[in-house]
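Asker: Based on these hints, arrange chain B with the ligand on the given structure of chain A.
Protein chains in written order, with our numbering: chain A, 1 to 383; chain B, 1 to 341.
These aren't lab readings, by the way, just hints derived from the structure by calculation. Just so we're clear, the structure is a prediction, and the values are computed from it rather than from any experiment. Glycine included, every Cβ here is placed at the ideal spot set by N, Cα and C. One should not assume that every hint holds.
[Stated by the list, open to error] From the structure, some residues in chain A lie toward chain B, with a derived Cβ separation under 7 Å: (1) Ile5; (2) Leu7; (3) Arg266; (4) Leu284; (5) Gly286; (6) Ala291; (7) Trp292; (8) Arg295; (9) Met297; (10) Leu317; (11) Asp320; (12) Leu321; (13) Arg373; (14) Val382.
[What the hints assert, rightly or not] Where chain A lies over chain B, by a calculated footprint (3+ residues, C-beta under 8 Å): (15) 254 to 265; (16) 320 to 333.
The residues making up each chain are set out below.
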Amino acid sequence: MTTSIHLPPHRLSEAARRLRDDVRSFLDGELAAGTFVPRCDAWMSVADPAFSRRLGARGWIGMTLPSAYGGHDRSPLERFVVTEELLAAGAPVAAHWIADRQMAPSILRHGSPSQRERYLPAIARGECYFAIGMSEPDAGSDLASVRTRARQVDGGWEITGTKVWTTGAHFAHAIVVLARTDGSPADRHAGLSQFIVDLPAPGVEIRPIRTIDGEHHFNEVIFDAAVVAEDSLLGERGAGWRQVTAELAHERSGPERYMSTVPLLRVWAEHVRQQGDASAERELGGLTARAWTLRQMSLSVAAALAEERPPEIAAALVKDLGSRFEADVVETVRRLAGIEPRKNGSGLEGLLAEAFLHSPAFTLRGGSNEILRSVVARGLGVR
Amino acid sequence: MNDDLRTEIRAAVTAILDRRGEDRTGRAWKELSEGGFHLIGVPEEAGGSGGGLGELAVVVDVAAFQAVPVPVAETAFLAGWLLARAGLSVPAGMTVASLDEARGHRQDGVLRLSGRLRVPWARHAGHIVTMARCAEENLVAVIPGDAGAELVTAENLAGEPRDLLVLDGVAAAASAAAPPGLDATALLRRGALARSVQLAAAARAVLVSARRHVTEREQFGRPLARFQAVQQHLAALAAQVTAMQVSAQAAVAAVEHEDADAAVAVAAAKATTSAGARQVAAIGHQLHGALGYSSEHHLGAVTTRLWAWREEFGNESHWHDHLATALHDRAWWPLLTGDAR
Ligand SMILES: Cc1cc2nc3c(=O)[nH]c(=O)nc-3n(C[C@H](O)[C@H](O)[C@H](O)COP(=O)(O)OP(=O)(O)OC[C@H]3O[C@@H](n4cnc5c(N)ncnc54)[C@H](O)[C@@H]3O)c2cc1C
Numbered sequence: 001m002t003t004s005i006h007l008p009p010h011r012l013s014e015a016a017r018r019l020r021d022d023v024r025s026f027l028d029g030e031l032a033a034g035t036f037v038p039r040c041d042a043w044m045s046v047a048d049p050a051f052s053r054r055l056g057a058r059g060w061i062g063m064t065l066p067s068a069y070g071g072h073d074r075s076p077l078e079r080f081v082v083t084e085e086l087l088a089a090g091a092p093v094a095a096h097w098i099a100d101r102q103m104a105p106s107i108l109r110h111g112s113p114s115q116r117e118r119y120l121p122a123i124a125r126g127e128c129y130f131a132i133g134m135s136e137p138d139a140g141s142d143l144a145s146v147r148t149r150a151r152q153v154d155g156g157w158e159i160t161g162t163k164v165w166t167t168g169a170h171f172a173h174a175i176v177v178l179a180r181t182d183g184s185p186a187d188r189h190a191g192l193s194q195f196i197v198d199l200p201a202p203g204v205e206i207r208p209i210r211t212i213d214g215e216h217h218f219n220e221v222i223f224d225a226a227v228v229a230e231d232s233l234l235g236e237r238g239a240g241w242r243q244v245t246a247e248l249a250h251e252r253s254g255p256e257r258y259m260s261t262v263p264l265l266r267v268w269a270e271h272v273r274q275q276g277d278a279s280a281e282r283e284l285g286g287l288t289a290r291a292w293t294l295r296q297m298s299l300s301v302a303a304a305l306a307e308e309r310p311p312e313i314a315a316a317l318v319k320d321l322g323s324r325f326e327a328d329v330v331e332t333v334r335r336l337a338g339i340e341p342r343k344n345g346s347g348l349e350g351l352l353a354e355a356f357l358h359s360p361a362f363t364l365r366g367g368s369n370e371i372l373r374s375v376v377a378r379g380l381g382v383r
Numbered sequence: 001m002n003d004d005l006r007t008e009i010r011a012a013v014t015a016i017l018d019r020r021g022e023d024r025t026g027r028a029w030k031e032l033s034e035g036g037f038h039l040i041g042v043p044e045e046a047g048g049s050g051g052g053l054g055e056l057a058v059v060v061d062v063a064a065f066q067a068v069p070v071p072v073a074e075t076a077f078l079a080g081w082l083l084a085r086a087g088l089s090v091p092a093g094m095t096v097a098s099l100d101e102a103r104g105h106r107q108d109g110v111l112r113l114s115g116r117l118r119v120p121w122a123r124h125a126g127h128i129v130t131m132a133r134c135a136e137e138n139l140v141a142v143i144p145g146d147a148g149a150e151l152v153t154a155e156n157l158a159g160e161p162r163d164l165l166v167l168d169g170v171a172a173a174a175s176a177a178a179p180p181g182l183d184a185t186a187l188l189r190r191g192a193l194a195r196s197v198q199l200a201a202a203a204r205a206v207l208v209s210a211r212r213h214v215t216e217r218e219q220f221g222r223p224l225a226r227f228q229a230v231q232q233h234l235a236a237l238a239a240q241v242t243a244m245q246v247s248a249q250a251a252v253a254a255v256e257h258e259d260a261d262a263a264v265a266v267a268a269a270k271a272t273t274s275a276g277a278r279q280v281a282a283i284g285h286q287l288h289g290a291l292g293y294s295s296e297h298h299l300g301a302v303t304t305r306l307w308a309w310r311e312e313f314g315n316e317s318h319w320h321d322h323l324a325t326a327l328h329d330r331a332w333w334p335l336l337t338g339d340a341r
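This is chain A alone, in the form it adopts within the complex (with noise of 0.2 Å):
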């Protein structure tokens, strides 16, 4: 295999600058306007469907999608600008981030005719929002032994088994799911597939779990016998696994996967401003030469994603670079900003609470840093 990642940078073209200046006046507009108060991780966690209607009648979700499915025709790389535009500000684009950022493309990847007709428009519209049911109680990591298993009966699938973590499954319209269908959990990466289940739906339990902070992020969703339409089954029957191979080549590469305390930076850059104290100057420097380096790093990820080089190993890579960039920035204010954090207070002080509250979560979600780099490690050929 190669021996070092070849990731070329690249460089927006006008166009995509054009749009930036286009959703910063918009995002000023409702900054003014009240509509929302910058928050850390907004992604994973501020919901706001009115505010994602709003984006999806701009154009800016499912904007990869075909106009045929209510789509925007953009390429990966004005989507990037949307993206990081969003995150920068600490939107509220929980309710439809899952959707866009990887339902969107797999549902138009796999998904039937009369999936992508059901899904793809009202996704696009900021209307239909998705969960991910791939971990269970014991399969975290190690995500082929799933024992969820889903069992064809008459005029249908039958799910049954848990999924945990779940984030968003308390409002989310739909739940991928990933089971097992064939064979046993032995026979790992084969007989797995994903079924989407719309939601709520009788034999589906959702249950809250509370996260450190207090709040309902995550859920335990429980199938007992539920039974699903026959068409629920996404793409192929045992493919699952590479169908759910290409997903987390969506749902790990993204800016969101550095700039999870942004928010929280540009609050506490204006702070240093003001208080002209050359120890924080110095080490704001240096944040934020990381950023600048981990934003070419993202930018050349999108590409390899635009271009369909797959981007596996360099997303893998630059997640775990990422992941612990968010974590040191909140150490970083909190040595230096000579404040105390407080849930739920307001500016500084507030923010920060809210990214301590939250940094256990960006080294684990989406795949821990051990395990991305075991996947970094196998793209060196050396696993």
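Answerer: For chain B with the ligand alone, coordinates are given in the frame of chain A:
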């Protein structure tokens, strides 16, 4: 410029530098200069070999990757650039640049230069280019290597020549007015860009060597690469190396396209490559064991360069401060994305 040309240059320079044997450095320099590779990126009108910054970066990258002590960064990246910017031509032979500005005065129409100048490679150079301040004028001037200046030799951590030239009214062989914007800061930035490319290339060399070593070396009856702790080290190394490469390449592209925010790009790239050097050298040495600490092994030539180059033309603290200063009148996010707003 096009990728094919860069691939060709990479292959040609690699072929020259790859050849081992007696007087590897002297022969490599001779072949590089005969092929004009030491002046790529310098316009032909100025006596250079033509080509753009992207092509020049390839030459500098290959030389740094191989850790062959040839002053391609000093000749083309710095001296050739200074001369071309001032409308002067590059003299034949090895011409290197001074990192400091000289003081000048005119005597009977002759420009005479004084001062203590740090000049990498001065002991080998046929000519030295320096910026000079003469009354109210900013000049670029050329001094012959044998003009009678006192030479104090010194080496950096990697043993590369980092000489001091003490001038006491030495006559310039040529001079011209420096164009607006060509000043000490611009020279520092130019050098920082060159070192960023070199640091990234040296880091890549560590990764290549480490990867090879852990697959070949066996302990406990299996290759080191079979151990998860080793794999995790290697992956962390790869991440750092990739970050350094992307930042250096993106900075080269920004300068090449004369982006409004090219200065931010260079600052971020030199900060990233300098800061990354520590982890790259540390993991590299850890994975190679005692063998990598031996001067017989190639690793030390690369890691000592990482430690030397990160300090030159501003280490990460310098560039962190620079970015912080840029933030005095720019908002953080627009600075990062390179937009005016
Ligand atoms: C905020 C948040 C939101 C999430 N949202 C979702 C969601 O919407 N849908 C979903 O399906 N999942 C979700 N997850 C789950 C997430 O994907 C898992 O947490 C992750 O894959 C790790 O699995 P685990 O938590 O079971 O940890 P484990 O796999 O038990 O790992 C525990 C520790 O052991 C390490 N480890 C495990 N195996 C190895 C190995 N082979 N080598 C070295 N180290 C190893 C891990 O790196 C980790 O540090 C979410 C998680 C979080 C924190």
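Asker: Against the earlier hints, flag every one the structure doesn't satisfy and list their numbers going up.
Answerer: none
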